[in-house]
Amino acid sequence: MRRGIVATAVAASLALAATACGGSSGDSSDGPVTITWWDTSNATNEAPTYQALVKDFEKANPDIKVKYVNVPFDQAQNKFDTAAGASGAPDVLRAEVGWTPAFAQKGYLAPLDETEALEEKDAFQPNLIKQAEFDGKTYGVPFVTDTLALVYNKALFEKAGITEAPATWDDLKKDAATIKSKTGVDGYWGSTSAYYAQPFLYGEGTDTVDAEAKKITITSPEAKKGLTTWQGLFDGAGLHKADTTADAYAHIQDAFVNGKVAAIIQGPWEITNFYKGSAFQDKNNLGIATVPAGSTGEAGAPTGGHNLSIYAGSDEAHQEASAAFVKFMTSAGTQAQIALKNSTLPTRDDAYTDEVKADPGIAGFQTVLPAAQPRPELPEYSSLWGPMDQELPKVASGAETLDEGLATLETAFADLLPDFSK
Amino acid sequence: MTLTAPAPAAETPRSRRRAPRPVQRVRDSYRRYWYAYAMVAPVVIVLGVLVGYPLLRGFYLTLTDANSLNSARTIGVNTIDATYKFVGLDNYAEILWGPAAYDRFWSHFVWTIVWTVTCVVLHYAIGLGLAMLLNQRLRGRVAYRLLLILPWAVPTFVTVFAWRIMLADAGVINTMLGTIGLAEPSWLEDPTWQRTAAIMVNTWCGVPFMMLSLLGGLQSIDENLYEAAEIDGASAWQRFRHVTLPGLSSVSSTVVLLGVIWTFNQFAIIFLLFGNTAPDAQILVTWAYRLGFGQQPRDFAMSAAYGVLLLAILIVFTSFYYRWLKRNDQLA
Amino acid sequence: MTSSPSTKQRRRGELGPVAKVSTHLTLTVASLIALFPIVWLVYLSLGPDKDDYLHPGGIFAKATLDNYSFVLTNTAFFNWLWSTLVVAGGTTLFGVMSAATTGYAVSRMRFPGHRPLMWVLLLTQAFPIAVLIVPMYEIFSQLRLVDSHLGLILVNCTTIVPYCSWLLKGYFDTIPIELDEAGMIDGLTPFGTFWRLILPLARPGLAVAAFYAFITAFAEVAFASTFLLDDSKYTFAVGLQSFVSEHDAQWNLMAATAVLIAIPVTVFFYLVQRHVVTGLTAGGVKG
Chain A
0 MRRGIVATAV AASLALAATA CGGSSGDSSD GPVTITWWDT SNATNEAPTY
50 QALVKDFEKA NPDIKVKYVN VPFDQAQNKF DTAAGASGAP DVLRAEVGWT
100 PAFAQKGYLA PLDETEALEE KDAFQPNLIK QAEFDGKTYG VPFVTDTLAL
150 VYNKALFEKA GITEAPATWD DLKKDAATIK SKTGVDGYWG STSAYYAQPF
200 LYGEGTDTVD AEAKKITITS PEAKKGLTTW QGLFDGAGLH KADTTADAYA
250 HIQDAFVNGK VAAIIQGPWE ITNFYKGSAF QDKNNLGIAT VPAGSTGEAG
300 APTGGHNLSI YAGSDEAHQE ASAAFVKFMT SAGTQAQIAL KNSTLPTRDD
350 AYTDEVKADP GIAGFQTVLP AAQPRPELPE YSSLWGPMDQ ELPKVASGAE
400 TLDEGLATLE TAFADLLPDF SK
Chain B
0 MTLTAPAPAA ETPRSRRRAP RPVQRVRDSY RRYWYAYAMV APVVIVLGVL
50 VGYPLLRGFY LTLTDANSLN SARTIGVNTI DATYKFVGLD NYAEILWGPA
100 AYDRFWSHFV WTIVWTVTCV VLHYAIGLGL AMLLNQRLRG RVAYRLLLIL
150 PWAVPTFVTV FAWRIMLADA GVINTMLGTI GLAEPSWLED PTWQRTAAIM
200 VNTWCGVPFM MLSLLGGLQS IDENLYEAAE IDGASAWQRF RHVTLPGLSS
250 VSSTVVLLGV IWTFNQFAII FLLFGNTAPD AQILVTWAYR LGFGQQPRDF
300 AMSAAYGVLL LAILIVFTSF YYRWLKRNDQ LA
Chain C
0 MTSSPSTKQR RRGELGPVAK VSTHLTLTVA SLIALFPIVW LVYLSLGPDK
50 DDYLHPGGIF AKATLDNYSF VLTNTAFFNW LWSTLVVAGG TTLFGVMSAA
100 TTGYAVSRMR FPGHRPLMWV LLLTQAFPIA VLIVPMYEIF SQLRLVDSHL
150 GLILVNCTTI VPYCSWLLKG YFDTIPIELD EAGMIDGLTP FGTFWRLILP
200 LARPGLAVAA FYAFITAFAE VAFASTFLLD DSKYTFAVGL QSFVSEHDAQ
250 WNLMAATAVL IAIPVTVFFY LVQRHVVTGL TAGGVKG
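Quick note, the sequences are listed as chains A, B and C, same order.
Mapped onto numbering that gives the first Met the number 0, the consecutive letters of the first sequence carry residue numbers 0 to 421.
Mapped onto numbering that gives the first Met the number 0, the consecutive letters of the second sequence carry residue numbers 0 to 331.
Mapped onto numbering that gives the first Met the number 0, the consecutive letters of the third sequence carry residue numbers 0 to 286.
A few chain B residues facing chain A, derived, Cβ under 8 Å:
#1 Ser67
#2 Leu68
#3 Ile74
#4 Gly75
According to the in silico footprint, chain A covers these stretches of chain B (three or more CB under 8 Å from chain A):
#5 182-195
#6 286-298
Here are the computed distance ranges between Cβ atoms for each label pair:
#7 C/Thr25 to B/Tyr83: 54 to 60 Å
#8 C/Leu64 to A/Pro31: 34 to 40 Å
#9 C/Tyr269 to B/Ala37: 39 to 45 Å
#10 A/Asp55 to B/Ala142: 53 to 59 Å
#11 B/Thr191 to A/Asp170: 37 to 43 Å
#12 A/Ala406 to B/Thr82: 29 to 35 Å
#13 C/Ala60 to A/Asn283: 27 to 33 Å
#14 C/Asp185 to B/Gln237: 53 to 59 Å
#15 B/Thr82 to A/Gln50: 37 to 43 Å
Read the hints as simulated data drawn from the structure, not as lab findings.
Cβ coordinates follow ideal geometry from the N, Cα and C atoms, glycine included.
Work out the full structure, taking the sequences as your base and the hints as a guide.
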């Protein structure tokens, strides 16, 4: 026991000395600059591609070293928030588009307009650049984009005699019933999470809030109509009942890739996983269509994706090195490589090379991009999904009525946005 | 997870009882307080810096509207000053009788009490039962003992994840329940079942400590007492009631106090079992944490106010507990 | 420190056959319940795919140690091990050292402020994390202690130090004060007495305190999850969580890592548990 204690003591004091000496990112001057990159991509499917690209970058820029850190997506926003105002922040962050305005507002991100990182600004799709802006400055370089689409199993649709993807939610409902009667599997399985409910709001021409009019619109008649449609898709012939379990995301995915449900709403980040499943060994079996439209006849889905942002607290040498790194990672050549390996969507037109477009998944999602709705420049916008993720499952499972859920949401939104009217 | 704490009854120093004169002399020399203060100084300084100052700071924050948007932050060389303002006792008023007081505070408060009481009762009852079974002449006693303390030996943050998998919708527990034809509750989704699951996991984790402590207590009870009771014709129940329980009273009061404090403060189990879901199964500690660090924007002032309220509850509880212990001691 | 001689002269009658069977039955069931989650975790760690936990029956046919080799070669496992040892070791060292003198002082000396100090120590070791975490974050931000092991050691000390002080006070109380007296007669100062006579005798107590401090710091979840940001600085409690992200939960890797963490800790625990329990009940039973 005593020897154990002494050993630990020695170990600990050594370690303390080591932590005290090994400064954070402050070691500058000569020698290579080491920048830290927090990547939030899927650690199994996507990260290896990025790690390989980091090696390429280091080879091309011998005076810059990149420390690659994979941070789980659902923890990264919180961790960066903890770090950025204190210590331990990375130099470069792969930030979900929804995080950018809030981090920019707090002063955590460096404006990139005059830097190397945004030299090729015009090459990027304008609405994605716009989404990275806050107060007239650009705080991120679009890295990956995505939007939701209706993905479906072509074989099952054909077996049911359906040749075209449903254009509206009502069509989807009918198709689901047909598929159920002809093939025996469920036609559609909806998610109860907030992000996946957005298309129902856009389909009625509304949203959770109207950022310009500073008004909470979740209880508006349009929103109620959209969410009634949403609610109606959990009960009926060929419609899988609401899965409100903690593992719902995995369950839906598992059923779809194994041919146990014919259609779901999903984003391109799962393309690689689709292809791994037994139902999509033939990549061409994967159908990708714009999300169904609401009663207005308009279809819309949220624009997601990720920007590369640079931490405002790094010193000049690190910011310059970071800008070079960001430029490299978002260049046309790199993006095309990423697209080929990960099947994610590039953010600039010149990266959609013929080779890239040969991937049926990418080609499919590229056609649905026009329906993507940019997010308003409102720092709290993505925080609104927090309360929705709590209420919507209750509504979907019938634990409370839609009206009750919406009333709770209105209160919760008012808390987050005190200067908005109801 | 801390493991033990002091016996509350240790306040009467044995030295005073049998202090002979030379000892008194030692004591006198110790009267030079200088030594005493020098020896407690490290701890006093450490606690002053690490607990006292943060506590005052935290209390001040509860009187403001501080959140992650308006707090001071240091971004490399740039420092942005705090812009939160003083709001007096508004935060407390909002927590205790604001419009969302029931949903946000009182429901969690009631659940915390239910959680603490249920868990401690289960810990104690199961722990005592197992200890009494183990306190017999029995083949394989040592093996049982080693197996039964396994939940304590493996770190909680590991075992909670094992439970998380087992309790999942298609997990092994529901599969078993299904095969024997019982209902398959949604442990991780339905509020009532979430609470049941949390209690279950905490009970599983906490029983071994109770069992071992009570086993130690049982082994220190004088055998002659049982013999005498038996000669007097006391039934098994009477022996339990009048010999075993009184014999365990001092160890019981310690472990129950510890059990209450640990369960009340239990963070890891609920936090790791449910992640950012299950708002209804959060006890005050995890709820306060979530307000301050688990949501965007972070509400530092509210979180700190919950912290102060928690502290108040704890102080009230410990004071009452000691008063109660003292009175019982005098009665005995 | 009485570990009772127990079993030998237990004189109450042998158990009847029915009682015997039901006792064994109850204990067996209880042992199975205690054992099962751990066994299940080990079993799941053998399944190669992240969704295997949904179809556990399939693991039997394709059991492999791939998860273990992946965790050991492709994750920061050894960094986590090192960080955990640094944090737990640092907390133990700092906590026990500063607690020992205090425990001795409050055990032997009556000085003004003695009782309030005892009360404060008792209350502080019962602090829920929510009381301090917000101001700690604010202070650590300014001192740039977020994302550092030193910060975490200091935080852990807020509960460890008062707790160990009480524990050691209890232990010093069991050492006869006549020894101090002898030391004084030999001309030792109170420090000398403490250092040369009492501390060596208190080794078992120190060991128990050290063990508690180590285990507590080892298993600390809340502060570590909040304050550690760089994955090479994670302690095990944080590292393990990084496998179970909502959209990409790698339960198979989590299970393998959990087993790797649990084995040494459990072995260590079993080796020292006798002493721990005796030390612990000694605190409770006397008095």
